[in-house]
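Undergrad: Following the hints, position chain B against chain A.
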Amino acid sequence: MWQFIVRRLLYSIVTLLILSATIFVIVRLTGDPVSLLAEAGARPEDLERIHRQWGLDRSWPVQYVSFLQNIVTGELGKSFNYRLPVSELYFQRLPNSLTLGLVATLISILVGVPAGIISAVKVNTWWDTIAKGVALLGLSIPGFWLGLVLILVFSVWLRWLPTSGAGDWRHVVMPSLALGWYFAASMLRLTRSSMLEVLGSEYIKLARLKGLPDVVVIAMHAFKNALIPVFTLAGVNMVVMVNAAVIIEVIFAWPGIGRLLYEGIFNRDFPLVQGVVVMAGFMIVGINLIVDILYAFIDPRIRLTR
Amino acid sequence: MRRSRFVAAALMLIALASTAASLSSPAGAAARGKLVLAWHAGFASRWLDPQEHDGTATPDNFFTAIHDGLIKNQGTALFDHPALAEKFTVAPDAKSATFTLRKGIKFHNGEPVTPQDVKFSYESYRGAKADVFKKKTERVELVDDRTIRFHFKEPFLDFAILFGTANVAAPGWVVPEKYYKQVGADGFKQKPVGAGPYKLVRHEPGVKLEMEAFDAYYRPVNVKQLVMTSVPEGATRVAMLERGEADIIYSVPGELVSRVQKLPGVTLAPVLSGSWFLEFPGFQDPKNPFRDKRVREAVSLAVDRRAMNQAESAGFGKVSGNWINNDVQYALEWPEIERNVERAKQLLREAGYPNGFDVDWVTPLPAWYSRGERLIGQLREVGIRARMQTMERGVFFQRLQGGVKEWPGVQIIFHGIRIAGSWSFWYEAHVKCGGFNSRDRLCIKELDAKFEQYERSINPAERKKLAEEIQRAILENHYLVPVFRHAFVNAIGPRVAAHKWQDVFPTITTGYAYPWEDIKLKEQ
Numbered sequence: 061m062w063q064f065i066v067r068r069l070l071y072s073i074v075t076l077l078i079l080s081a082t083i084f085v086i087v088r089l090t091g092d093p094v095s096l097l098a099e100a101g102a103r104p105e106d107l108e109r110i111h112r113q114w115g116l117d118r119s120w121p122v123q124y125v126s127f128l129q130n131i132v133t134g135e136l137g138k139s140f141n142y143r144l145p146v147s148e149l150y151f152q153r154l155p156n157s158l159t160l161g162l163v164a165t166l167i168s169i170l171v172g173v174p175a176g177i178i179s180a181v182k183v184n185t186w187w188d189t190i191a192k193g194v195a196l197l198g199l200s201i202p203g204f205w206l207g208l209v210l211i212l213v214f215s216v217w218l219r220w221l222p223t224s225g226a227g228d229w230r231h232v233v234m235p236s237l238a239l240g241w242y243f244a245a246s247m248l249r250l251t252r253s254s255m256l257e258v259l260g261s262e263y264i265k266l267a268r269l270k271g272l273p274d275v276v277v278i279a280m281h282a283f284k285n286a287l288i289p290v291f292t293l294a295g296v297n298m299v300v301m302v303n304a305a306v307i308i309e310v311i312f313a314w315p316g317i318g319r320l321l322y323e324g325i326f327n328r329d330f331p332l333v334q335g336v337v338v339m340a341g342f343m344i345v346g347i348n349l350i351v352d353i354l355y356a357f358i359d360p361r362i363r364l365t366r
Numbered sequence: 353m354r355r356s357r358f359v360a361a362a363l364m365l366i367a368l369a370s371t372a373a374s375l376s377s378p379a380g381a382a383a384r385g386k387l388v389l390a391w392h393a394g395f396a397s398r399w400l401d402p403q404e405h406d407g408t409a410t411p412d413n414f415f416t417a418i419h420d421g422l423i424k425n426q427g428t429a430l431f432d433h434p435a436l437a438e439k440f441t442v443a444p445d446a447k448s449a450t451f452t453l454r455k456g457i458k459f460h461n462g463e464p465v466t467p468q469d470v471k472f473s474y475e476s477y478r479g480a481k482a483d484v485f486k487k488k489t490e491r492v493e494l495v496d497d498r499t500i501r502f503h504f505k506e507p508f509l510d511f512a513i514l515f516g517t518a519n520v521a522a523p524g525w526v527v528p529e530k531y532y533k534q535v536g537a538d539g540f541k542q543k544p545v546g547a548g549p550y551k552l553v554r555h556e557p558g559v560k561l562e563m564e565a566f567d568a569y570y571r572p573v574n575v576k577q578l579v580m581t582s583v584p585e586g587a588t589r590v591a592m593l594e595r596g597e598a599d600i601i602y603s604v605p606g607e608l609v610s611r612v613q614k615l616p617g618v619t620l621a622p623v624l625s626g627s628w629f630l631e632f633p634g635f636q637d638p639k640n641p642f643r644d645k646r647v648r649e650a651v652s653l654a655v656d657r658r659a660m661n662q663a664e665s666a667g668f669g670k671v672s673g674n675w676i677n678n679d680v681q682y683a684l685e686w687p688e689i690e691r692n693v694e695r696a697k698q699l700l701r702e703a704g705y706p707n708g709f710d711v712d713w714v715t716p717l718p719a720w721y722s723r724g725e726r727l728i729g730q731l732r733e734v735g736i737r738a739r740m741q742t743m744e745r746g747v748f749f750q751r752l753q754g755g756v757k758e759w760p761g762v763q764i765i766f767h768g769i770r771i772a773g774s775w776s777f778w779y780e781a782h783v784k785c786g787g788f789n790s791r792d793r794l795c796i797k798e799l800d801a802k803f804e805q806y807e808r809s810i811n812p813a814e815r816k817k818l819a820e821e822i823q824r825a826i827l828e829n830h831y832l833v834p835v836f837r838h839a840f841v842n843a844i845g846p847r848v849a850a851h852k853w854q855d856v857f858p859t860i861t862t863g864y865a866y867p868w869e870d871i872k873l874k875e876q
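Chains as they are written, first to last, in the working numbering: chain A, 61 to 366; chain B, 353 to 876.
One chain only, chain A, in its complex shape:
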C-alpha cells in the first residue's frame, strides 16, 4: 500500500512540475510585461530598472528555479499589478470562489443526478427525451449569455436579485445558477450513462428476479454503484468551478479567483497567472491523489495495477 501511495505521490509531483514549467513558459510567450508596467515615455534605462526590479532581467532557467523555490516555501511571488503577494490575493478571493463553486456544485448535483436517474430508468420515453434535451441545452448555451439573461430577468425585470458583486445569499444565486447549469448537464449525461450500465448488469437482473420492487433495486443497488464516477466528476468539477469560473465571475463582477486570473492575463501579471494556475493544479492533483488512495483502500486490485 505504501509503495502505491509513494508512487502516486511521485506522479503528482511530476505532474505539478510539468504544469509549473508549462505555465511559466506560456505566460512569457505573451511578451514582455514591462511595456504594460512602465509609464508612457519611459526611457530604456527605466525599462531596464523595471526589469531588474521584478527579476525579469535574469535568464528563464534562473527565473524558473526561483519560481519553484517560492512554491516550496509557500510563496507565489508578488503581483505586478497589485504589488501584493500572490498568495495573499489568492486567499483573499478563495472564500468567494469556494462559496460560488460549492453552491454551483450543489445545483449541478441536485439538477443533474435526479434527472439522469429518471432519464435512465425511463429510457426511450418522453422523460428521457426531455432530459436529453435539457442536457443538450446545458452544454450548448454559453455561460456568458445565460448570465446576462438571468441578470435581465431576475434583476432588471423582476427586481428580485442584485445584478452583481458579492454580499449576502442573494448575490450567489445567479452566478451559481449560470455556472452550475453547464455542469448539471454534464452530470445528467454521466449519471444517465452510468445508471444504464448498472441497470443492465447481472446483479440487477438477479435482484429483479428475486422479486425486489423497482424502487429498492434502483435506490439500494443500482444508484449506489452508479454514483461512484458521478461523485468523482463532481469533485473535479468543483475544483474547476472554484479556480476557473472566469467568464461567470467577470459577468457578475464576482470577486473570485477566476476574475483574478482574468485580471492577471489582461495585465500580463506573470506571478499572478502562474500562482493561480499552480494553486488550481495543486487542488486538482491533490483531490485526484486522495481519490486514488481511497480507491486503493476500497479495491485492493487497483494497488496491483501498475
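Fair warning: there could be bad hints in the mix.
No farther apart than 20 angstroms at their CA atoms in a straight line, the calculated lysine to aspartate or glutamate pairs in the EDC-like style are these [claimed, not checked]: (1) 560(B) with 148(A); (2) 560(B) with 228(A); (3) 817(B) with 804(B); (4) 486(B) with 105(A); (5) 487(B) with 106(A); (6) 816(B) with 800(B); (7) 757(B) with 744(B); (8) 486(B) with 228(A); (9) 488(B) with 106(A); (10) 486(B) with 106(A); (11) 487(B) with 105(A).
I should point out that these hints are in silico values taken from the structure, not numbers from a laboratory.
TA: Using the frame of chain A, we list chain B on its own:
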C-alpha cells in the same frame, strides 16, 4: 461666492447644533448619501500612487478623489486650476516657479500639508515625464512655511502645463513624506493617504474602493460616501444603473446606448474623448505606395468619417479635421475632411495605381477591431485592398515602441489617443523622431527642427506660430490622417442631481466625473 455661501450655511448649522465636531469639519458636515461608480475595467494599485503616474489618462479618476495637486486640470482650466496652492507665478524668464499653499490644508491622517511634502513629492517622483523634470530642475527652495519655489537650469516654459496636467504627469500631486517613507511605496498603494476630497476607508484590491468625504478638505464635499466598484462587463453596468445599484457608469457599450437613452431619469453623458487617426509606417521607403502624398490623400478621402462616428460612437463623437484634440494648448482648428471617393480614385490613378493596391495589414488599436473592419470596407471602395491584423494591447504598444522594423511591408496603423495639456505632448510622443511611440516611423527632419525651435523658444507668440506651422504641415502632407474624435459614453442615474450631463462631467480634459466633491445627490 459658493465658498462663502457654504461657510455661512455651516456657521448656521454650528450655531444650531452647538457641536464642537462641526467646527473642525466644514466640508464633511454637509456631505450626505452614497454615490456608486461602476468602473469599466479592473483596478491597478499603482493608480492610487501619484508618485508612479503611468502617463495615461486612467489614474486621474482615482487621484482626483484621494489626492490633490498644487494646480490641476479641472473644469475648463487646462492645467492651472488652483488646488492645494492658492496661487502660483512663473518668473518672466521661465527659470523659476513659485507656489503658495492654502492655509490649514491637511492630509487624511491629520498631518498638515507642508512645503517639505511638496518638495519630497517632486524630488522622489518617478512616474511619467520624471526625466524631463529632473533634467530641467536645478533645485527646490522652501521659502517659508507656505511657499515653495522651483528653480530651473534653463527656461522651462512648459513647466506649469506639465506640472498641472494630471493625465500626463503628477510631480505636483502631494503625498505625505513621513507616511510614505514609513509604509514604503507598495504599502502606500494599499493604504494611500492623500489630501484630496475623499479618504480611503476600504480597499479590496482589484474589486472595490470605498471612500468617505474628508472633513478637512478646503472645498465642500457633497456626498458622504463614494464607492468605486469594478464591473468589467458593459451589460452588467447598464443593469446596475437600471436597478439603481450604480449612480454613474462609465463606458456604455455602443449597442446599449439606445436602451440607456430610454431609461427614465437616466442621463447619457457622451464625453468627447480621444482622437483617432491613421499612420503609414514605413512611408518613407521608396517602394511603399504611401510614399506618394497623393496616395495618402486618397486614403484620407476614402474614409467615411461620419459613418464611422455613427457606427462606433452612436453619433456622439465628433468628426474633426485635426488628429490632435482641440482641447489642448495650441491645437490647430482644421476643417472637416469630406469623403470623396471619385477624387480618391483619381488621385490613385495619377499616382500610378489605377487598379488600387494591396495593404498587408490594417492594425487598429486593440481592442477596437470593429473600427478596423469599417476602415477596410471603406478603403475597398477606392480599390485599396487590406486585411486586418488584431493584436493584444501590450503587443501593440511594444511593436509601436519597436519602431519601423516592427511594421514591414505596406501597413496602416489605426490609432486612438488622448493626451491633455499641450499639442506638443502629442507631437513628442507620436511624430518626433525618437518619440516614445513614434520612434523612427515618421522622422520628418524639417518638422523636428521646427519642434526643437519651439522647445527652445520662450516667446509664446513664436511658439504658437511654430505649433500651428508644424500641425499644418502634418495635415497638408497627410503624414497622419485624422478620422474622428470618439465619445466615451457614460451614464448618470436618477439619484444624482444634474440638469445636464456636463454638471457631472465638467472637466473638459477627461472622460471622468471629477471634481468629485462637486457631485450632489437629489434630496430624498
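Undergrad: Of all the hints numbered above, which does this structure not satisfy? Sort the numbers upward.
TA: 8
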